[in-house]
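Number of protein chains: 2
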Amino acid sequence: MVPFKKIVICGVGLIGGSLALALRKNGYKGRIVGLERNREILSRAYALGIVDDAGSPMDETFRGADLLVLSVPVAQTGNVLKMVMPYLSAEMVVTDTGSTKTDVIAVAREVLAEKIDRFVPAHPIAGREMNGPDAAVDDLFTGKKTVITALSENRKDDIEKIAGLWEQCGSIIHYLSPDDHDNVFATVSHMPHLLAYGLVDYVANHAKSDLFFQYAASGFRDFTRIASSSPEMWRDITLANRAHLLTEMDAYLEELKNMRDLVEKADGPELEKIYANARRARMNWLNTIENSESKK
Amino acid sequence: MVPFKKIVICGVGLIGGSLALALRKNGYKGRIVGLERNREILSRAYALGIVDDAGSPMDETFRGADLLVLSVPVAQTGNVLKMVMPYLSAEMVVTDTGSTKTDVIAVAREVLAEKIDRFVPAHPIAGREMNGPDAAVDDLFTGKKTVITALSENRKDDIEKIAGLWEQCGSIIHYLSPDDHDNVFATVSHMPHLLAYGLVDYVANHAKSDLFFQYAASGFRDFTRIASSSPEMWRDITLANRAHLLTEMDAYLEELKNMRDLVEKADGPELEKIYANARRARMNWLNTIENSESKK
Numbered sequence: 001m002v003p004f005k006k007i008v009i010c011g012v013g014l015i016g017g018s019l020a021l022a023l024r025k026n027g028y029k030g031r032i033v034g035l036e037r038n039r040e041i042l043s044r045a046y047a048l049g050i051v052d053d054a055g056s057p058m059d060e061t062f063r064g065a066d067l068l069v070l071s072v073p074v075a076q077t078g079n080v081l082k083m084v085m086p087y088l089s090a091e092m093v094v095t096d097t098g099s100t101k102t103d104v105i106a107v108a109r110e111v112l113a114e115k116i117d118r119f120v121p122a123h124p125i126a127g128r129e130m131n132g133p134d135a136a137v138d139d140l141f142t143g144k145k146t147v148i149t150a151l152s153e154n155r156k157d158d159i160e161k162i163a164g165l166w167e168q169c170g171s172i173i174h175y176l177s178p179d180d181h182d183n184v185f186a187t188v189s190h191m192p193h194l195l196a197y198g199l200v201d202y203v204a205n206h207a208k209s210d211l212f213f214q215y216a217a218s219g220f221r222d223f224t225r226i227a228s229s230s231p232e233m234w235r236d237i238t239l240a241n242r243a244h245l246l247t248e249m250d251a252y253l254e255e256l257k258n259m260r261d262l263v264e265k266a267d268g269p270e271l272e273k274i275y276a277n278a279r280r281a282r283m284n285w286l287n288t289i290e291n292s293e294s295k296k
Numbered sequence: 001m002v003p004f005k006k007i008v009i010c011g012v013g014l015i016g017g018s019l020a021l022a023l024r025k026n027g028y029k030g031r032i033v034g035l036e037r038n039r040e041i042l043s044r045a046y047a048l049g050i051v052d053d054a055g056s057p058m059d060e061t062f063r064g065a066d067l068l069v070l071s072v073p074v075a076q077t078g079n080v081l082k083m084v085m086p087y088l089s090a091e092m093v094v095t096d097t098g099s100t101k102t103d104v105i106a107v108a109r110e111v112l113a114e115k116i117d118r119f120v121p122a123h124p125i126a127g128r129e130m131n132g133p134d135a136a137v138d139d140l141f142t143g144k145k146t147v148i149t150a151l152s153e154n155r156k157d158d159i160e161k162i163a164g165l166w167e168q169c170g171s172i173i174h175y176l177s178p179d180d181h182d183n184v185f186a187t188v189s190h191m192p193h194l195l196a197y198g199l200v201d202y203v204a205n206h207a208k209s210d211l212f213f214q215y216a217a218s219g220f221r222d223f224t225r226i227a228s229s230s231p232e233m234w235r236d237i238t239l240a241n242r243a244h245l246l247t248e249m250d251a252y253l254e255e256l257k258n259m260r261d262l263v264e265k266a267d268g269p270e271l272e273k274i275y276a277n278a279r280r281a282r283m284n285w286l287n288t289i290e291n292s293e294s295k296k
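Heads up: the sequence lines are chains S and G, in that order.
Under full-length UniProt numbering, the final residue of the first sequence carries the number 296; numbering is consecutive throughout.
Under full-length UniProt numbering, the final residue of the second sequence carries the number 296; numbering is consecutive throughout.
Please note that a few of the clues may not be correct.
Simulated restraints on C-beta separations [unchecked claim]:
no., chain 1, residue 1, chain 2, residue 2, range
1, G, G49, S, K208, 40 to 48 angstroms
2, G, E232, S, K257, 46 to 54 angstroms
3, G, E270, S, E270, 44 to 52 angstroms
4, G, K273, S, N284, 33 to 41 angstroms
5, G, R155, S, D250, 32 to 40 angstroms
6, S, T288, G, K82, 55 to 63 angstroms
7, G, K273, S, S56, 52 to 60 angstroms
8, S, N79, G, A251, 37 to 45 angstroms
Subject to a maximum C-alpha distance of 27 angstroms in a straight line, what follows is the list of computed DSS-like cross-link-like pairs (lysine-lysine) [claimed, not checked]:
no., chain 1, residue 1, chain 2, residue 2
9, G, K208, S, K145
10, G, K82, G, K115
11, S, K257, G, K145
12, G, K208, G, K29
In case anyone wonders, no lab produced these hints; they're calculated from the structure.
C-beta atoms are modelled at their ideal positions from N, C-alpha and C, and glycine is treated no differently.
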């Protein structure tokens, strides 16, 4: 059972919208109210049945609410928190769905000040390259991990409530420190996004662009799928996770430089060793983690 | 109608095997004989119904054959051609399915010498990350392009026969010069393979490898799908297309270095511009080329 009676979701796009749909599907009986800077998106979410109420004045939106979920681009966290501060009741828990945690926590500490204890940071590891309420689906989190990066100030009770919220959506709860979280996702998510965006931009700006795109096929399609993600959202994530991203990029660029030199030297055995190691590691990952999770 | 009576396929793995299955499915009534250095693979292809005959002596394999298809890793082209040279009858057409063309043509010229006119180089743009006869499927080429990089020595008749072979498998015929072919595929296929192999190898060798793999999700899975491809085959392609690969890698690494510096400078607007340009170009490619082709 979801331990909340009325949930305000700020940002009813892919993640916020999917959370609402998943809660409904899994038996949540309370109210879900949407909050959006963009009225059109809010109306669309209402029309799609994602939220029960949309566009009410702030005091009405927050009346009786016991959970606020921030599901906005991470760079907007501070502004949104400032805006909602006057409406946060003493019982209300606040959480987020941001792809980066250190920066979100820093800004939350600044804005929430002594109320920081009620902010339980979380990150559901799920997504699609589409965005907006029309992209929301009720099984986005099923069998996927949600990482909670709890603060020392958090009450045990509140952490359990947020864990319960995501478990109700079919998600598996993991706990990481904010720094480990940001390092992990810099490597396995943020950097690949940057590489994919970079490759498509490179091809698009090439003198032979039309010829290249003409023959791009399924390998290119899958490699660059994430380059169809929201540029605004990924700009924010890139900047928010700058430190880890730079460390990982510099190390990966070093590896690419080494591979480039192996190509120049026509060093077949060393290249094959790298390819074979990658293939083996990927197969092992698929068998032990990725596929077992997808089956849940 | 396929304009051949007896086809010898040398290499009955994913591509060679799928060609045989596609020909059968689309009404080819002639014989298909397999040729393989590895007896186990040949037996497996025979058991799967991919070839009508397997393991006969060379003179019997080639008796009455009017087409030889080379579907082996590109680096083996020379050795295979030397081995089959004594059995090439005057009427026989030779073609290949290699992912690189300049190097394959160079070695074919050397080995075939005055018989080079009968070698019509081709490259079906289709694949899966699995390999071997068990990965072969009868619709691998349906709606996909096959690029023919014809030689000035080729007879018009022979080029049309090879075009007919692939059209019978549902493929759409394109013509490119060998150099344009190799430049295109260095950029949209070979380099992405190298980047994907490199990323998985990087993660696998990282001190936090276990933690990273634990949280790798669908973005990472799609980005690295091609890193499950055959290391031997991709070693050969990398070496065969070295010149174009180095040119494109150096230019792309330049772009990545620039993006890395934008991250360091926290230049949000410039990063967003690159992301947005990539997203727009990819959407445009999906809408005008990739999706329209998939529907065929």
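Checked hints:
1. Range check, G49/G to K208/S: about 42 angstroms between beta-carbon atoms, so the 40 to 48 angstroms window is met.
2. One distance hint, 46 to 54 angstroms for the beta-carbon pair E232/G and K257/S, is violated here, with the actual separation near 24 angstroms.
3. The supplied range of 44 to 52 angstroms is broken by E270/G and E270/S, whose beta-carbon atoms lie about 36 angstroms from each other.
4. Distance hint check: the CB atoms of K273/G and N284/S are about 38 angstroms apart, consistent with the given range 33 to 41 angstroms.
5. Separation of R155/G from D250/S is about 55 angstroms and departs from the stated range, judged on CB atoms against 32 to 40 angstroms.
6. At roughly 44 angstroms, the beta-carbon separation of T288/S and K82/G lies outside the given 55 to 63 angstroms, and the hint is violated.
7. A beta carbon spacing of about 37 angstroms between K273/G and S56/S contradicts the range 52 to 60 angstroms that was offered as a hint.
8. Under the hint 37 to 45 angstroms, the C-beta atoms of N79/S and A251/G, about 39 angstroms apart, fit the expected range.
9. A C-alpha spacing of about 19 angstroms is found between K208/G and K145/S, which places the hinted pair at or below 27 angstroms, so the restraint holds.
10. This hinted pair checks out: K82/G and K115/G have alpha carbons roughly 12 angstroms apart, not beyond 27 angstroms.
11. Restraint check for K257/S and K145/G: not satisfied, since their Cα atoms lie roughly 33 angstroms apart, outside the 27 angstroms limit.
12. At roughly 56 angstroms between alpha-carbon atoms, K208/G and K29/G are farther apart than 27 angstroms, so this suggested pair is violated.
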